[in-house]
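Protein chains in written order, with the working numbering: chain V, 1 to 778; chain U, 1001 to 1170; chain H, 2001 to 2110.
Each hint should be verified, as a subset may be incorrect.
Quick look at which bits of chain U chain V covers, simulated, 3 or more residues with Cβ under 8 angstroms [what the hints assert, rightly or not]:
#1 1009-1017
#2 1076-1086
#3 1156-1167
Since the hints were made in silico from the structure, they are not lab data.
These numbers come from a predicted model, not from an experiment.
Glycine is no exception: its CB is placed at the ideal position from the N, C-alpha and C atoms.
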Amino acid sequence: MPPVGTFTETNDGNVFHFRGDQSVKRWDGFLGDYVDAGVPVPGSAVTSASVGGDSYIVGIYYAYLRFLDSRGKVSNLSPVSNKLIMGGVRYGVCTSIEEWAEPTAYVTSASHGLTTGALIRITGGRSDHFNGEFRVGATTQNTFEIWLQLTPYDEFDIDIRTRQRYQGGATWLEIGNAIQYSDVEVPTDSRVVTRQILRNKDGNVNTFYVDIEDTDLTATTFTSTNADINLGEEVPLLANDGTDLNISRHSEPPDFKRVAVHHYSRIFAAKNLDYREGSVGVINSAEGPNSEVPSQTDQSLIVTGIGTKWTSAMAGRSLLINAPDGATKYTIASVDADEQTLQIETPYSGETSSAVSYSISAPDSEKLTLHFSEPGLPESWARDKVLTLTDDPHSGDLVGLMPMGPRLFILFEHRTQSLAYASAPDLDGQVSFSSARGCVNQRCWIRDGSTAYLMDQRGVYAFNGNQTKDLTSQIQGFFTGNDEFSISWGNSDLFHASHDPSTRSIRWFVSLGSSKVRFALAFNYGTQGWWLEEYSEPITASTLAHVDGFQKAIWGGPVHRVLKSETGAVDGLPTGKTAARGSVSSARSTVLSDNNAVFIPEYAGSPVCIIEGRGKGQVRTIVRSDGHELEIDRPFSILPAAGSVYQVGGFKWKYKTPVIRWAPVGSKKAIRSVSLRFSPSSAESTLVARRYEDFSSTASTLSYTRTSEEGDGVSTEEGSGDMVIDTTDSLGFVSQAIDSTSSPRTRRGRSVRFELEGTTSTDRHKIYEIIVEGANQQ
Amino acid sequence: MYLGRYRQGEWVVLRGQKITPVSGSATYPYPQYDAVDPNRLLGAKTHDTTQFTGGTNPVVQVYDKEFNKVAEKEMWPEFPVKYPAIFKASLFLGSDIPEGICTSITTYTNYNRIGGVINSQGMVCSFEVLPGGHASGSYIAMHYLDLPHAKFVLGQHDSDSLDFRKNPKV
Amino acid sequence: MLDVGFIGHVEAGGRIPLALLCKGSGMQTITPSAAPTYKVYGARPAASGSGMMEMASGTLGSSDTGSITGFRTGTLDIDYKFGAGSLYVMVFSYSDSGGSYGAMGSFEVT
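Assemble the whole structure, with the sequences as input and the hints as a guide.
Pasting the structure below:
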C-alpha cells in the first residue's frame, strides 16, 4: 500500500499532496491531472564568452540560468557562470575619406588596429556625409577600406548615396562584440516552458536582468547583443537586509515529508517518510559472485527490492538494512524505479541474503526538522531555512501538525509542542512544550473553534491550547489493551477522525481486535456521550464537505465509494432508493434469493443484514444485485433458511442501560415492567428488547408465546429472551410486564439491565424513553 | 489453498511456504489465517515437515480463469524472525485482472550447499475476483475543494492513484 | 494425497478452472507420465439413494502450463446436471515412474 499522504489547500486555490516518497503534487481545479509542484532548478552553469557581434558591451559580467513554468513561477538560479570580461572598444579619427563614390571608400586613420570584417560606426561628420555603420574591408596600418553597401558582409543593401567631398571631423568607433552563452541546459521536465538567462550590469552583481528569454527549449547556445541599457526585467538577488530574493528561495517542496498544513500564508511540512514495504536482496561481493549482476558493477553496491515501489525521489536518502548479522546504514546514490534496484554509495558489508527487512528514510540531518514555504509562495521553499526540534525521548515519533490560532502545534505520539513566531519561523520562531499528550497520527485530531479533540494511545482528550481534559475515562478499556474490544494499533496509519458539526459529533475510525478500520469511537461533545459504531466495510478516509447545501462529513471507503454520514436510515444507498426488506426464498453460500423482490443494481456495494430467523446477525456486502438475487462477498457462515428476514443496507444498533436496582417489596408480589416510548415507523423494522437480571450475560427468557396483537405491540416466544417490538405501532408506546414473586431473603433479582437491539429499514429508530416500573429511585 | 473472495480494487495477500524434503523432519510453527477473512491472523499451527530458509525467494504467478498469466511477483518473508519460511506477496486487483476464479502458483527451488539443484517445490492456491469492484481501490486520504466554478472531492487511493471527482451530491 | 483444497464458487452454466501441481512422495514437483485425470463426485439425489455419485470426469493438460514442472491445468463446464447450492468433490490421479498419486479438491455451484 502506498504511504498515506496529506492534502493541504492554499489561499490561491491550489491543493498540494505530500506523501514522502515522490514529488509533492499540485492540482488547481482546472488541470487535467495532478502535476509536480514547484519548478525544477537548472543543475549546471552556463558558459559565457565574448564573440563578434553588433554591439559594444564593456564590463565584467556573470550569468545565471533559471526556468519558468506556464504560470510564470520561477526556479532557483543555476550555479553562476564563469566571470566574463568584455574589453574596451577601438576608436579613431578619420583624417581622410577618399573614393567615396565607389562601392568602397578608403579611410585614413593612423594605427587604427582594425581587422577585416569589423563593424564600425562613423559619426561626427556632416549629416549627409559618412555617418553610419560600415564593414571594414582591406586594411593597411593606417588605412582601411569601408564598404558603402553592407553586403557582402551583411544581408541587406543600403542605397549608395551621393556624397560630397569629405571635409573632416568624423570619428570612427568599433562596434563589434556580443556575449555568447553556451552549455545552456535543455530542461527535461515538462513543467518548464521558458528559460531565462540573467546577466548583471557592469559594476553591480546584486541585481541581474533578463538577457535572453527562450520558449523553444532546444538550443544550447545563445548570443546576446544587449548593451546594459537594453537588458530586460530586473531580478534582484538580495534585499538590502541580505534576504534572499531569488537565488535559492524557490526550491521545490520537500519530497520526503508526509505531513503538511497551511498556516498563515505558509505551508509547513513535517514527518519524514520511513519506507519499509517489502524486502531487499543484498549481496556481499566478498562472499561470492552472482552471475545475474552486471560484471562491471560491484555487486555489493546494488540492492534489489522485492515487493517494493521505490521512486527516483529516494536518491540521497539513508538505507538501513536489517541483515541477520546486524543492521548497517548506507546512502542511496541512485534508484532505478523500473527495475526496483538502488545503488548505494559504499559497498554492502553485511551477510548476503535474498530477503531482509530494511527502511529508507531521510538523511539524519533531516531528523525532527520542520520545513516551511515562503509567505504567499506555497511552491517556493528556501531549503536552508529549517527549524530543527529538540529530541525528547519521551515524545515518541513526530506524527503531525495542527494549526490553532496563531500557534502551530507540533504533534508527537506522546507530547505536543507549539511554534509561535511574528515575522518568520527561522528568525523569531519559538518552540515550546505544550502538553504531555500527543496524537496517533496527522488525521486523528479535529479542531472546533478554539478547542481541539485529539486521540493518542492513552485515549481521547480536549485541548484548548494550554490545558488538556481527558474524555475517555468511561471507555478506557478500548485503550488499555486488556478488553476484547481493545484498539489494534498495527493499522494506526489508517486511523482518522471525522467531524460532523451539525450533530456535534466526532468519530475516530479505528481497528478493534484484528479487524480492518471498521469501527468508530463516536463522541458527542455537546452531551459528552460515547458510543461505538461498527461498519460493514472499512472507512479509511474522511473530510468535511458541503453537500446539497449542508456541511457534512463524507467518508471514503473501498472500491472508490464515497459515503455521506448520518443521512438515511440505512447504509450505503443513493438517496431516493428504497432499501429492500423481505423474506428469503432460498439461500446458497454466496447468493440470497427473494422471489418477491426485484433488486436494483444500485444495491451493489451496500450491506445486507439477516435480521430475523436462521442466520440472524450476519452482515455481508452485496457485490451483485440482479433480479431476484443478491450475490455477497463472503459466504454465509450459517445459511439463512427460507423465511429468514433480510434488510438491504441494514445495520444493527444496540443499547444497554446501566445497572438498575429493583425496589425491595418484601413478601408482596413485585410489580415490574419495562415500557418503551418511540417514534412509530412507516415501515416494518426490527427492534428487540431483552432483560438481563443481576449480572447475567444471558437474557432472561419468557415463559409464553404471544403475538404482537396479543401483546399490544410486543411479541414473545416461550423460551426466548427476545421481546420483539412492532415499530409501526401507531401509539409509539409498548409495555411488557415482568412481574416477580421472589422471596424477600433471596439474593437473586436485585438488579437488572435492559438491552435494545434494532435494525432500521426506511425510518430511523427514535427511542424517547425507557420506563422501568418497579425500580429503585435512581 | 483457498484465499477467499475479493472485488476489483482490493488486495489479495498471496502466501507460500518453503519446505524441504532434506532428511530429517521437525515441526515448525506457521501462522494460520481465518478462512472467512483471510487477512485475519488467528494464531499459529505446527507443520510436520522441515522449513527451508535458504536459497532464492519463491516466485508466485497468477493466472486468470482462462489460464492467462496476469501477474508474476517475487515473494518475501512475512515474519522474517518468527516464521522465516512463510513468504508473501501482495497483489492489487486492478483492471487487468478479470472476474472469475484465479489460480496462483508459488514455486521455488531447493539447492544443496554447493549450489546444485535438489528439487523444485510449489503450492497452488485459488481466489475469486467478484463483480462490483473499482480499479481505483480504497480511499486512504481525502480532501474537499470548494472553488467558484465547482466543488471537488480529491482522493488518494491504495491503488497508488490520485483523483478528483466533481460536484458531489447524494 | 495432496490437498488442492476448495477451489471456489461457480455459477451453474459457468466454467471452473482446474489446476494441479503434481508432486511425488517427497513433496517435490514431478512430471507425470501422462495427463492427470480427474473425477467429480456429488451427493446422490435422495430419490436414488444415499452416498456420492460420479458427476463428470476428464483430463488436465498433457503439458506444463507456464513452463512450470508438473503444473497442469484444465477447465470443467458446469452443465445442467450440477445442482445450484451443492458442493462437489474432485479427485485427481496421476503417476510417474515412482508411483501413483492423488489429490483432492472441492468447489461449490451457486
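Hint check results:
Only when three residues or more bring their CB closer than 8 angstroms to a CB of chain V does the claim for the stretch 1009-1017 of chain U stand; here the count is 3, and the claim holds. Here's how the stretch 1076-1086 of chain U fares: 3 of its residues keep a CB closer than 8 angstroms to some CB of chain V, so the rule of at least three is met and the hint holds. With 7 residues carrying a beta carbon less than 8 angstroms from a beta carbon of chain V, the stretch 1156-1167 of chain U meets the three-residue requirement, and the given coverage holds.
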